[in-house]
Amino acid sequence: MAGIQIERVGKRFGGALALDSVSLDVADGEFVALLGPSGCGKTTLLRIVAGLETRSSGAVRIGGRDVSDLRPADRGLAMVFQNYAVFPHMTVFDNVAFGLRMQKKPREDIERKVRRAAALLQIEPYLDRYPAKLSGGQRQRVAVARALAVEPAVLLMDEPLSNLDALLRLEMRAELKSVLREAKTTTLYVTHDQTEAMGLADRIAVMQQGRIVQADAPTTVYSRPASTFVGGFVGSPPMNFVKVTASGRSARLDALDLRPPADGDLLLGFRGEDVQLVPPDEGMTFVVKVAEPMGSHLLLTGSAAGCPVRVVAPPTASVHAGDRLGLRPDPDRIAWMSQDSGLALDGHA
Amino acid sequence: MTGARRLMFWSGVAALCAWVLVPIYLIALGAFGGRAAAFRWPKAFTLVNASLEQLATFLRIEGVWNAALNSVIAASLTMALSLLLGAPAGYALARYRFRGAGAFRLMVLLTRAFPLAILALPLTVVFIRAGLYDTPFGVALVHTALALPFAALVTAGLFAGIPRELEEAAWVFGCSRLQAFMRVVLPLALPGLAAAAIFAFVISWNEVFAASVLTVRNRTLTAYLLTVLAESPLHYRFAGGFVLIVPSVVFIFAVRRYLFALWGVSNR
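So the protein lines, in turn, are chains A and B. The UniProt record's numbering numbers the first residue of the first sequence as 1 and each following residue consecutively. The UniProt record's numbering numbers the first residue of the second sequence as 1 and each following residue consecutively.
Just so you know, the hints here were simulated from the structure itself, not pulled from any lab data. Since this is a predicted model, take the numbers as computed values, not measurements. Any given hint could turn out to be false.
Take a look, some chain B residues computed to stay more than 10 Å from chain A by CB distance [as the list claims (entries may be wrong)]:
| # | residue |
| --- | --- |
| 1 | Phe32 |
| 2 | Thr57 |
| 3 | Ile73 |
| 4 | Ala89 |
| 5 | Ala103 |
| 6 | Pro122 |
| 7 | Tyr133 |
| 8 | Ala160 |
| 9 | Leu166 |
| 10 | Phe251 |
| 11 | Phe253 |
Simulated DEER-style distance windows between Cβ atoms [stated by the list, open to error]:
| # | chain 1 | residue 1 | chain 2 | residue 2 | range |
| --- | --- | --- | --- | --- | --- |
| 12 | A | Ala132 | B | Ala194 | 17 to 25 Å |
| 13 | B | Phe9 | A | Ser236 | 48 to 56 Å |
| 14 | B | Leu21 | A | Thr54 | 21 to 29 Å |
| 15 | A | Arg107 | B | Trp65 | 46 to 54 Å |
| 16 | A | Ala132 | B | Ser11 | 37 to 45 Å |
| 17 | A | Thr301 | B | Leu178 | 56 to 64 Å |
| 18 | B | Trp19 | A | Pro88 | 32 to 40 Å |
| 19 | B | Gly131 | A | Lys104 | 42 to 50 Å |
| 20 | B | Pro42 | A | Pro88 | 53 to 61 Å |
We put the beta carbon where it would ideally sit given N, CA and C, even for glycine.
Working from the sequences, and respecting the hints, build out all of it.
See below:
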């Protein structure tokens with residue numbers, strides 16, 4: 001077991017800056033998700049940690065040891081690839097045993113560890129089969145079992161669930177979480193799917209254009225985003241931002257009194273479910289354009305103070321397109337942002 | 001397919017088959033039918049009085065077995081050399097992005113556009129000086145030059161078809177680059193490599209010009225037959241031609257699946 005320290009790692013592809021001095025500490029046993037849109041550098045960062053990509057600057061430590069210039073084989077890690085990368089010419093048993101055999105472990109040891117990993121991922125019935133005979137979900141289990149069988153200090157996962165269909169993904173996500181919790185392996189997990197990151201990770205590192213813009217617990221990232229980008233990227237529907245101009249630490253939106261932490265041009269950020277629906281003359285005015293009954297809730301899309309706003313209302317609320325309502329955001333859950341920089345104002349930058 | 005297109009398609013197929021099969025069939029007729037069949041006109045399309053006599057006599061011609069041995073040696077060396085040199089080039093083309101990769105690919109192919117006839121005299125001089133003249137090894141070197149472009153390009157396609165992640169997974173799980181190649185890439189590429197090797201073998205086996213120019217006493221089978229059969233009766237020439245064709249046809253037939261796969265025609 002070991003932690004990962006990523007110290008000011010930079011990467012250039014020709015003239016393009018893929019990673020801009022990224023630093024991240026993953027504690028021993030912690031599960032950190034690297035979350036971001038495609039092209040933000042998250043996979044590049046993971047591959048640099050794995051040793052599959054060279055870095056332009058900075059250092060990577062695993063368990064306190066500088067592994068920056070070591071071969072992937074000598075870094076003491078295991079990896080699960082996006083397209084599984086299960087060896088097609090080996091049986092499931094040989095696949096899972098691959099890492100252990102490379103470590104020249106004794107035969108009984110290999111047998112025991114392969115059986116244990118196979119049991120953990122419920123692939124025991126397939127140990128003698130070839131991967132071509134397995135479904136995508138089963139292949140993914142083989143890939144995870146292969147990684148866990150070597151009992152790695154550090155486990156790296158590159159969008160391991162993205163090739164599965166939606167239902168299987170949900171199932172594997174829950175299973176992965178319980179398996180990894182049991183194994184207590186330090187994990188760095190790349191994904192562009194924010195629900196995956198929210199559900200699995202102890203901490204989410206949100207990346208944007210080669211930088212980590214916020215690294216916090218999922219609930220903090222969700223309700224206290226460090227920037228408008230994080231607020232808009234994490235959560236579905238994304239966080240709402242309404243333009244407000246404040247002076248003397250106070251501002252007024254329609255019938256709503258606000259106490260912002262600063263003056264000037266601000267953004268009032270709030271989640272769709274953190275509002276109270278009130279009569280139009282008691283809050284900020286919200287004009288409903290579309291009302292979508294989602295079963296568990298009613299999703300209202302419309303505008304307030306000239307900005308697009310989405311509100312999550314109770315499923316029983318009787319609201320129709322064209323209605324005018326009042327919105328009263330929960331003052332404890334408001335996230336204030338600067339209009340100029342897009343950064344949070346209350347010390348979360 | 002509409003009727004007209006279907007007709008076009010099948011007449012095309014028939015023409016292509018006839019293009020290859022009719023000459024082979026006629027050669028077989030001459031080889032097995034003896035003197036009578038070779039000179040008969042119009043040609044009978046069935047064999048009458050088929051016998052192995054011509055073939056047996058042909059195989060008793062002095063030097064045939066020696067020439068066949070030379071051919072096998074030259075073709076085996078060509079096979080080994082073109083794979084040993086071509087496969088790494090193919091691997092580099094498939095796995096690494098480097099400046100001039102596209103130009104390199106083209107240059108490799110362009111070597112085939114260079115007429116061997118122009119090279120023949122200077123090559124002979126150099127081979128005589130180097131002591132390679134009139135040896136199967138010398139012939140194999142020239143044949144390797146002919147087979148190498150195919151070996152490089154065909155193996156490039158082969159290696160490109162093996163996902164890079166498989167190799168990366170092997171590295172992560174404890175392999176050096178060489179170990180990853182031996183344990184993961186090679187087993188997956190083996191059938192295709194075998195096909196490429198046999199293809200090189202056939203190229204050498206069939207080649208006659210360089211072999212004729214570069215040898216005198218240690219001729220390969222093609223070169224030997226070219227000189228010997230020029231003075232033989234017609235039906236012995238047919239027998240000789242038949243002996244030359246059969247191995248290549250058998251080889252190509254044996255590896256046809258992989259050749260189709262290599263050239264991008266799948267599912268055969």
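Status of each hint after checking the structure:
Non-interface status of Phe32 (chain B) relative to chain A is upheld: no Cβ of that chain comes within 10 Å, the nearest being about 44 Å off. Residue placement check: Thr57 (chain B) keeps its beta carbon more than 10 Å from all beta carbons of chain A (closest about 49 Å). Separation of Ile73 (chain B) from chain A is adequate, the least Cβ-Cβ distance of about 33 Å exceeding the 10 Å criterion. Every Cβ of chain A is farther than 10 Å from the Cβ of Ala89 (chain B); the closest lies at roughly 24 Å, confirming the non-interface assignment.
Chain A leaves Ala103 (chain B) outside its interface by the beta-carbon criterion, the shortest separation being 19 Å against a cut-off of 10 Å. The non-interface label for Pro122 (chain B) is consistent with chain A: the shortest C-beta to C-beta separation is roughly 44 Å, beyond 10 Å. Residue-level check passed: Tyr133 (chain B) sits 45 Å from the nearest beta carbon of chain A, beyond 10 Å. The Cβ of Ala160 (chain B) sits about 15 Å from the closest Cβ of chain A, beyond the 10 Å cut-off, so the non-interface label holds.
Not every beta carbon of chain A lies more than 10 Å from that of Leu166 (chain B), the smallest distance being close to 5 Å; the non-interface claim is violated. For Phe251 (chain B), the requirement that its beta carbon stay farther than 10 Å from each beta carbon of chain A is met, with the minimum near 25 Å. At roughly 25 Å from the closest C-beta of chain A, the C-beta of Phe253 (chain B) stays outside 10 Å, upholding its exclusion from the interface. For Ala132 (chain A) and Ala194 (chain B), the Cβ-Cβ distance of about 20 Å falls inside the hinted range of 17 to 25 Å, so the restraint holds.
At about 53 Å, the CB distance of Phe9 (chain B) to Ser236 (chain A) agrees with the hint of 48 to 56 Å. Range check, Leu21 (chain B) to Thr54 (chain A): about 56 Å between beta-carbon atoms, so the 21 to 29 Å window is missed. Arg107 (chain A) and Trp65 (chain B) have their C-beta atoms about 51 Å apart, which keeps the hinted 46 to 54 Å range intact. In this structure, Ala132 (chain A) and Ser11 (chain B) meet the distance hint of 37 to 45 Å, their C-beta atoms being roughly 39 Å apart.
The hint said 56 to 64 Å for the Cβ distance between Thr301 (chain A) and Leu178 (chain B), and at roughly 59 Å that hint holds. Checked against the given bound of 32 to 40 Å, the beta carbons of Trp19 (chain B) and Pro88 (chain A), roughly 38 Å apart, stay inside it. Checking the proposed 42 to 50 Å range against Gly131 (chain B) and Lys104 (chain A) shows it holds: the Cβ atoms sit about 48 Å from each other. Against the hinted window of 53 to 61 Å, the Cβ-Cβ separation of Pro42 (chain B) and Pro88 (chain A) comes to about 56 Å, which satisfies the hint.
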